[in-house]
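Protein chains in written order, with UniProt numbering: chain G, 1 to 308; chain H, 1 to 308; chain D, 1 to 308; chain C, 1 to 308.
These aren't lab readings, by the way, just hints derived from the structure by calculation.
All values derive from a computational prediction rather than experimental measurement.
Glycine included, every Cβ here is placed at the ideal spot set by N, Cα and C.
The following label-pair restraints were derived from C-beta to C-beta distances:
no.: 1; chain 1: D; residue 1: Thr284; chain 2: H; residue 2: Ala39; range: 46 to 52 Å
no.: 2; chain 1: C; residue 1: Pro144; chain 2: G; residue 2: Gln84; range: 51 to 57 Å
no.: 3; chain 1: H; residue 1: Gly185; chain 2: G; residue 2: Ala130; range: 22 to 28 Å
no.: 4; chain 1: G; residue 1: Glu279; chain 2: H; residue 2: Ala77; range: 18 to 24 Å
Capping the alpha-carbon separation at 25 Å, the derived lysine to any residue pairs in SDA-like fashion look like this:
no.: 5; chain 1: D; residue 1: Lys24; chain 2: G; residue 2: Glu137
no.: 6; chain 1: H; residue 1: Lys298; chain 2: D; residue 2: Gln225
no.: 7; chain 1: C; residue 1: Lys298; chain 2: G; residue 2: Leu304
no.: 8; chain 1: D; residue 1: Lys170; chain 2: C; residue 2: Glu123
no.: 9; chain 1: G; residue 1: Lys170; chain 2: H; residue 2: Asp81
Listed below are the residues making up each chain.
4 protein chains.
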Amino acid sequence: MAITGVLRPGHAQIRVLDLEESVKWYTDVMGLKPMGRDAQGRAYFKTRAERDHNSVVLRQADQAGLDFFGFKVLDKATLDDLEQKLQAFGVKTERIPAGEMLETGERVRFNVPTGHTIELYAEKTNVGNATGCLNPEVDVIDTPGITPIRMDHCLLYGGDLDGTKELFEKVLGFNLVERVKLEDGKTDLGIWLTCSAKAHDIAFVRHAEDSKLHHVSFQLSSWEQVLRAADIMSKNRVSIDVSPTRHGVTNGTTIYFFDPSGNRLETFCGGYDHYPDMEPITWTWDEVGAGIFYHNRKLNDAFLSVVT
Amino acid sequence: MAITGVLRPGHAQIRVLDLEESVKWYTDVMGLKPMGRDAQGRAYFKTRAERDHNSVVLRQADQAGLDFFGFKVLDKATLDDLEQKLQAFGVKTERIPAGEMLETGERVRFNVPTGHTIELYAEKTNVGNATGCLNPEVDVIDTPGITPIRMDHCLLYGGDLDGTKELFEKVLGFNLVERVKLEDGKTDLGIWLTCSAKAHDIAFVRHAEDSKLHHVSFQLSSWEQVLRAADIMSKNRVSIDVSPTRHGVTNGTTIYFFDPSGNRLETFCGGYDHYPDMEPITWTWDEVGAGIFYHNRKLNDAFLSVVT
Amino acid sequence: MAITGVLRPGHAQIRVLDLEESVKWYTDVMGLKPMGRDAQGRAYFKTRAERDHNSVVLRQADQAGLDFFGFKVLDKATLDDLEQKLQAFGVKTERIPAGEMLETGERVRFNVPTGHTIELYAEKTNVGNATGCLNPEVDVIDTPGITPIRMDHCLLYGGDLDGTKELFEKVLGFNLVERVKLEDGKTDLGIWLTCSAKAHDIAFVRHAEDSKLHHVSFQLSSWEQVLRAADIMSKNRVSIDVSPTRHGVTNGTTIYFFDPSGNRLETFCGGYDHYPDMEPITWTWDEVGAGIFYHNRKLNDAFLSVVT
Amino acid sequence: MAITGVLRPGHAQIRVLDLEESVKWYTDVMGLKPMGRDAQGRAYFKTRAERDHNSVVLRQADQAGLDFFGFKVLDKATLDDLEQKLQAFGVKTERIPAGEMLETGERVRFNVPTGHTIELYAEKTNVGNATGCLNPEVDVIDTPGITPIRMDHCLLYGGDLDGTKELFEKVLGFNLVERVKLEDGKTDLGIWLTCSAKAHDIAFVRHAEDSKLHHVSFQLSSWEQVLRAADIMSKNRVSIDVSPTRHGVTNGTTIYFFDPSGNRLETFCGGYDHYPDMEPITWTWDEVGAGIFYHNRKLNDAFLSVVT
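Can you build the whole structure from these sequences, using the hints too?
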């Protein structure tokens, strides 16, 4: 098959400080569709366009951050195969039973060298999107909230970037799309990886502390929708980290902002397609500013320091 | 690997009635970059954003149409493997030697049941895109011509749709994304297939005559670029078949128009991502109009009849 | 003062065949805000962005069409002055008492040579727009319906185009912005007139029958909003006359479509600013197609024949 | 007439530190059309869409800033009338002879209470825009540079805001569209004025020092053109003050950036229409941040301090 193995980002479990406030915010401001709560009290969401039951899970906790980030794989045989490969690579894996998350099959959970918990799973109930699979109408945005297309990717911060890169490339079949180099011209400061033809399905930045979340990103359909998202944020007094601009890396347009718990989120549009025969793009240290924020060509203080 | 086998559409060889006029038109109106001519007199083009040496090849002939459509595969081992699978499936294959097309490696050529000639190849010289792989600037459109991002897909007309569908799915690993049914509710009138996560890499419509081209499509970055393309077409007196509108199938926005030889081309933007775990979308016969042209909800006469 | 006399189009009274169906349609599909009904049973609407109480009035009748089109003038002194000038020009005027239309002051009504009833008025209650005049938020579109910015202009059909042109220019102070000539190169087929710096506040086309409505137009903010409008129309099975395209005249982007009674409406975006020192643009008969529909460069049959 | 008196901003004479460098920059980066130089060595420019001979004049000087800002008035009788009214209001006026600026008629020059030099003129040679007045094609942007539609307005800083406001309203017939109040809730910090139906033709901010320029603004056609402008700026290493965002005041989208001499310029899109019957919008001191930069809801340091 032409696309196989790991398919795409499937779910992100985010820790929030006040669940009820957060449920309201992810519903009203983000425009996500609430999909119910489980016995542990976790709240589930999907976008209007996503077909699987959930993509964002909120868990009340004392500290914001990301519990885990899950990828859907092609099928159960792929799940077994990837678990075996992980173990052969020396990664300890854990099986989370089907049903532990709502409408989600068995998950293979493991930690990557940057400390983050990653999951693979093959099954999540297809509940269909807002328009269905038979003579679908176009899904016009006509409700409050940002209403992204999908939960798209995340950017994670941690120490052993090289180890995580090796694991994603060699075991999970991801390809390197872009990277930013440190002053030495050799060490990677940041890496952007894809498991499909997207400009990124996950990214990592080298950081003193492990297991940190920089942002979870949601896809929008156009630069005008990026503007609409920023207008909605302002109207709702959302704390905006970086207002509409373009990334040099991926060429995508972006807004960085914070949920009520201080988790950074992104609304993102564009980005070129990357295929495995393509050479990765490299950004040198002196141009890292343009790589991250193309218009201002400099990092803001928060980009390298504020994480959850 | 997560993406493997057949990667993407790589080249389309189009027959034109007047080569010099066509070279000028594909350069000035389409905004493609001329990449030279070969000993046979064929003219090669790529877009600014494409990295491989060529994607459109024009050959002078007495009749317009498509000579062949080629897909790039992951590597030479994949090429050998797919050739073997084609032969095992009963498909006769031919090896075209490296260099027969400019800067292109050995190709495996075969006919599909609808009569079209398809090629697979693993190597085409990476000449880089307009911005390169080191600290790239954003590539601003600032030259005449439509300037698409890439040669994106084609739609072909022929008789044995079922046979071609089976070959693309079973041998080449393509997935069915959408289909339109005939009045009987069973027979496919049209099928849209992907080898990656795009809404289509190739499509076929059932037609009395084999080996016909409906259109070759070029990707644009936004609905505003679709408008700019239509303005450029009008200014250059390009014959427009269908002015800017949206497809129900794929949700993409589109213009259909004709090159000076009468080959239909498309400029296309958008389209959702399709993964192999997703159920295909089905359009019934009574809604085929909305499937093809979402706004007017009816086919124009040319759609089903005018092919080259 | 820099802008004086006639300010802008203020209201259009449209005849509909089924009032209740029409009220629902203008609310749900057009996204207008219902503003109440009067003793005669007429239904009033405004857009979210308009500040005056109403801009669209629907009246149940046996035949579709336009009862009258009203312009707001600067103040009551201007109203008196313009009435006097109309009478001096030989135009019979009628005073409609304040309150005959909801929240609307006294109107001066008269017929123009093409047979249409035009009104001038100085007062309509300022009920404010959706965001107010104190620290207003941006008004994000987040409800169903097309949600135009304002009722923008109309295009009317009738016989004595020259007489109407003279009246609007000489008495009401309008300026000619563009015109289309007939085959003789002299006679005007169509004229576009402005009372401000817009590309058109009203337009007329020469036609065998007097007093006809070609369309009432509503302004949208962007080409993407034009696409959204077309999507909403298709989803609601609105009869579309001309799907998204660009006019050569005014350069605006457009959709022509019909309300449930067969009145043609337009959603319109763009158009350059015209000042009184600027020479009008002229379209010759052989280029009238490009003038009206820039992409296809030809008129559709309906444009010259279907009116209400 | 419906629009009379002062028509629109016509020319801005800007001081630059290195004329040759600036001519190159306004041509290549701004995408303005060079229109020649006069005997004094001043360099003239217009946009592709402007019909009058020039709108931007560059003069080499030791210090950046604005020499004067000129408005075109309806005709010579208006010019005489407005000069008389200025003198009656106690404003000293000066006549600059026709031809002192290239292709420009006699100008009436005067100073306003904030110290700025303003000019009125009735004549500037109509050289036509890029597409002409007979069967014009749409003007597709296909050249390097930002390529704005027109020189649109300016924002000036000075002390006696109240005096300048009175002069523009009472003598020149401008209308107040929006204002920002100081902490006392009474004093205007900033005022936005129009002579037509635009959201602003000129604006002023209260400032300790007189005669200062905050920015000269150029109009773009869409939010996507704002993005293209920002990309061009980055590619050309233009110093960007504020990257793409939205103003609360006027609702327009914007970029603030600096020419090579440190003069702040703006590329601007949108803004609602204002008519003289409309109440001005007021921003209170606590919401001034949202008024100026709607997304971040706070002023950057440069906005109130950096002027030329």
